[in-house]
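Trainee: Chain A is already provided as a structure; the job is to place chain B on it using the hints.
Chain by chain, the residues run as shown.
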Amino acid sequence: MKQHSPPPRLSLRGITKQYPGCLANDDVHLDIAPAEIHALLGENGAGKSTLMKVIYGLVKPDRGEVLWDGLPIEVKDPAQARKMGIGMVFQHFSLFETLTVTENIALALGDDAGALDQLAEKIRTVSEKYGMTINPEREIHTLSVGERQRVEIVRCLVQNIKLLILDEPTSVLTPQEVDSLFITLRQLASEGCSILFISHKLNEVKALCHNATVLRAGRVSGECVPAEEDTTSMAKLMVGDDTPVSTTYPKKLRSTPLLCISDLNLHSDDPFGVHLKHINLTVNAGEIVGIAGVAGNGQEELLASLSGEHLCPDGKTITFAGDAVADLPPDQRRRWGLGFVPEERLGRGAVPEMSLTENALLTGFLSGLLSKGMVAWKKAETFADQIIDQYRVKAAGRHAQADSLSGGNLQKFIIGREIMQNPKILIAAHPTWGVDIGAATAIHKALISLRDKGTAILVISEDIDELFLISDRIGAICNGALSPVKPTPESSIQELGRMMAGDFSQSAHEGSATL
Amino acid sequence: MIKLEPRGERSATMAYLSPVLAALLTMLTGLLLFTLLNVDPVEALITILYVPISDTHGIAELCVKTAPILLCAIGLSVVFKAKIWNIGAEGQLLMGGLFGSYIALQLIEAEGFWVLPIVLIAGILGGMFWAGIAAILKVRFHTNEILTTIMMNYIALNILLWAVHGPLKDPEGFNFPESALFGDSALLPVLIEGTRVHFGMALALLAVVAVWVLMSRSFYGFQIKVMGMDAGAARLSGFKEKRLTYFALLLSGGLAGLAGVGEVTGPIGQLIPQISPGYGYAAIIVAFLGRLHPLGILLASLLMALLYMGGEMAQISLGLPLALTGLFQGMLLFYLLACDVLISFRIRLNPRKVKTSAPLTPLASETRG
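So the protein lines, in turn, are chains A and B. Going left to right, the first sequence walks through residues 1 to 515 as my numbering numbers them. Going left to right, the second sequence walks through residues 1001 to 1369 as my numbering numbers them.
Here chain A stands alone, though its shape is the one from the complex (with noise of 0.2 Å):
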């Protein structure tokens, strides 16, 4: 399994750390060798994230050591890390929009940046070498999410490295972008570079990683081989034995349009945000439609001007059945019957520091819950007592405040708010984002069944698994406009990774981005 010749490049042993309410580590052993494309597994909150602020000197471990190159080291500061050849990618990026790459990269370096124009070209020498071109020059905000991870990436390599560590990198990634990322990696690694992989999506750490470690609430449940395994067995270590992990639903096509969007325009204040570009879009009682997109390409737009935060002068632009609603405002269109899960569930969804009851009512006023402007307060307790249970909400009780929630029970618990309301059309964003892998498929489930009822469900999401598994049609959203939306069983994973690049052709050969 592991080479026997030098030590490990990196060994945790034993690493704890304890958070208020929180045991985010708990006596993690990990090893990985020089070459080695370590896989570090786990579902949100399984403490992956703690993990690895740990070895870049960001968090301070209560009990435990770490050993570097086969001695015990203390890592201090991200500074410290980076001295020792530890380059880290994070999920959110840190570049400045306004600076260019070769200005961004030279203020993460500090002092070791030396000329900005040898570093520019370093930068091009560095990028090209590993086949992932940016030109130094470029500022920030022209370039595609792609691009910079690709920033970032370089920006690390830039230095002498030694080891890589990568948080989610392919969750903004079209399938092509991933593909290419791989190749880098795989380069990288057969120079003697460790790379340590963290992801949840067992597809990717199957075709990438040479061994795995899975993390559970804290703990190391299991550690594998993912070539060998298939990816149920390492689901199953990650989320435990009693929680189903796949399932399959039928497909429908259904032909009673209910929400109707006619070209649909939209300028945005933001000067980083998105126009809407002529967006035609309909869906039919009862049936799922799925928008992929990589974020920040006119989803937030678009989800604005369907819930009513964005009101459009042309009332016609947006329909329910025929009626038109683009000028009314969030409450009117509830009143008509639209259901509405934001992205954000703490902060839009939900309001963090009120009890669930109180976040019942947010939504559900328009449902009985009020009697001439008073709150009937039993009845609101009632209704949140009704969502926990039916959703199975893992909660203290309705006088719960929300924020004490696990994302995956808020998550349920919204959106069992949303559907007990009998919504006519339901739009769901992101819905099991950042979600355990047992409240996805209750979601899922309860999404499903709600589409039988006859529900208009609109679902926009990153995740491109979950739209092939709930949605009846699918298409994607690029740069503020809207691909074609077809049946799901005619669409392929590598077709709407076209679309998601912005390739709206509809021929069957590989084309190239138009874009």
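By construction, these hints were calculated from the structure, which means they are not laboratory data. Model, not experiment: these values are computed from the prediction. All C-beta atoms, glycine included, are put in the ideal place defined by N, C-alpha and C. No false leads were slipped in.
30 Å max Cα-Cα, derived DSS-like pairs, lysine-lysine:
no., chain 1, residue 1, chain 2, residue 2
1, A, Lys-316, B, Lys-1240
2, A, Lys-379, B, Lys-1083
3, A, Lys-206, A, Lys-53
4, B, Lys-1083, A, Lys-378
5, B, Lys-1240, A, Lys-424
6, A, Lys-379, B, Lys-1240
7, B, Lys-1242, A, Lys-379
8, B, Lys-1240, A, Lys-378
9, B, Lys-1081, A, Lys-372
10, B, Lys-1240, A, Lys-277
11, A, Lys-76, B, Lys-1003
12, A, Lys-60, B, Lys-1003
13, B, Lys-1242, A, Lys-316
14, B, Lys-1083, A, Lys-372
15, A, Lys-201, A, Lys-53
16, A, Lys-379, B, Lys-1081
17, A, Lys-424, A, Lys-445
18, B, Lys-1003, A, Lys-53
19, B, Lys-1240, A, Lys-372
20, A, Lys-424, A, Lys-394
21, A, Lys-394, A, Lys-378
22, B, Lys-1242, A, Lys-372
Negatives, chain B to chain A, calculated, CB over 12 Å:
no., residue
23, Val-1020
24, Met-1027
25, Ala-1110
26, Gly-1112
27, Ile-1133
28, Met-1151
29, Asn-1158
30, Leu-1161
31, Pro-1167
32, Pro-1177
33, Glu-1178
34, Asp-1184
35, Arg-1196
36, Pro-1273
37, Ile-1316
Mentor: Below, chain B alone, put in the same frame as chain A:
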């Protein structure tokens, strides 16, 4: 070494305990201060906190002082819940007093039960008008209400001074900056014979109940709370942000205006330059000291009224400066803000030893009862 450590969740006990702790710390600092001033500290504290209310007359006067503070603070609790920082209760109070006085002087000869309600409504409208300007500026032009309301306090004060030195001055008043005495029909009736406790206290208590119902039972109050806690959620649920902003600011302005007109038609009986010794500012402290809760605000405004009386008493019998009242108010707010840190953090005396229990727990159980 002392270290602050996050609790992970807000401590409900500490949220209620913090005002009590702040009051205790204020008193302790007061003791220290009096010692340094060579005044017997215990005697000074008794003079400030007990002597003013040691007889029925004192208690009656306490009610007289409480009424305007309570009215302002209960209104502020609504805007503050919406996270709109109206610092202008003082100006709104002055405008309420001015508008009410103007109408009262127009109706100086009039008699009848209808005179007083008209005067009171004029006062309420005066406060609403003044808060309304800040509301329009905020909603239309996104101006910061903290700045506009503070600045408008000074404008209100100067308009009042101009009026009382000019158009509203009593022509027969030997050129003193005072209006004529209001007619009897424009004066608030006395509630308890032989004291100055007037109908304003009843209005204040009524306002407390009304705001309590508004904030805990009505959907309007719920929307105001949601808007304050999470504007994104309010927008997504279709709550009307602008309408709620107007409502909250006009309500607090109206109540401050009522406090102002209650002063001129109650204990004062005419328009004078000093109708408020900073009640509107004190109400900000009261609102937070009372945790923005009606009951808490009632208690806190009694305490604040006592501090006003105590300051006067200390000036009379101990020869201490009247600035003492302001000093105690300031300390109270200062300690409250400091103690509020303990709602989300606990103190660790020796952070290296993990086993040290939170040192505040025994103190908490002692002072709670």
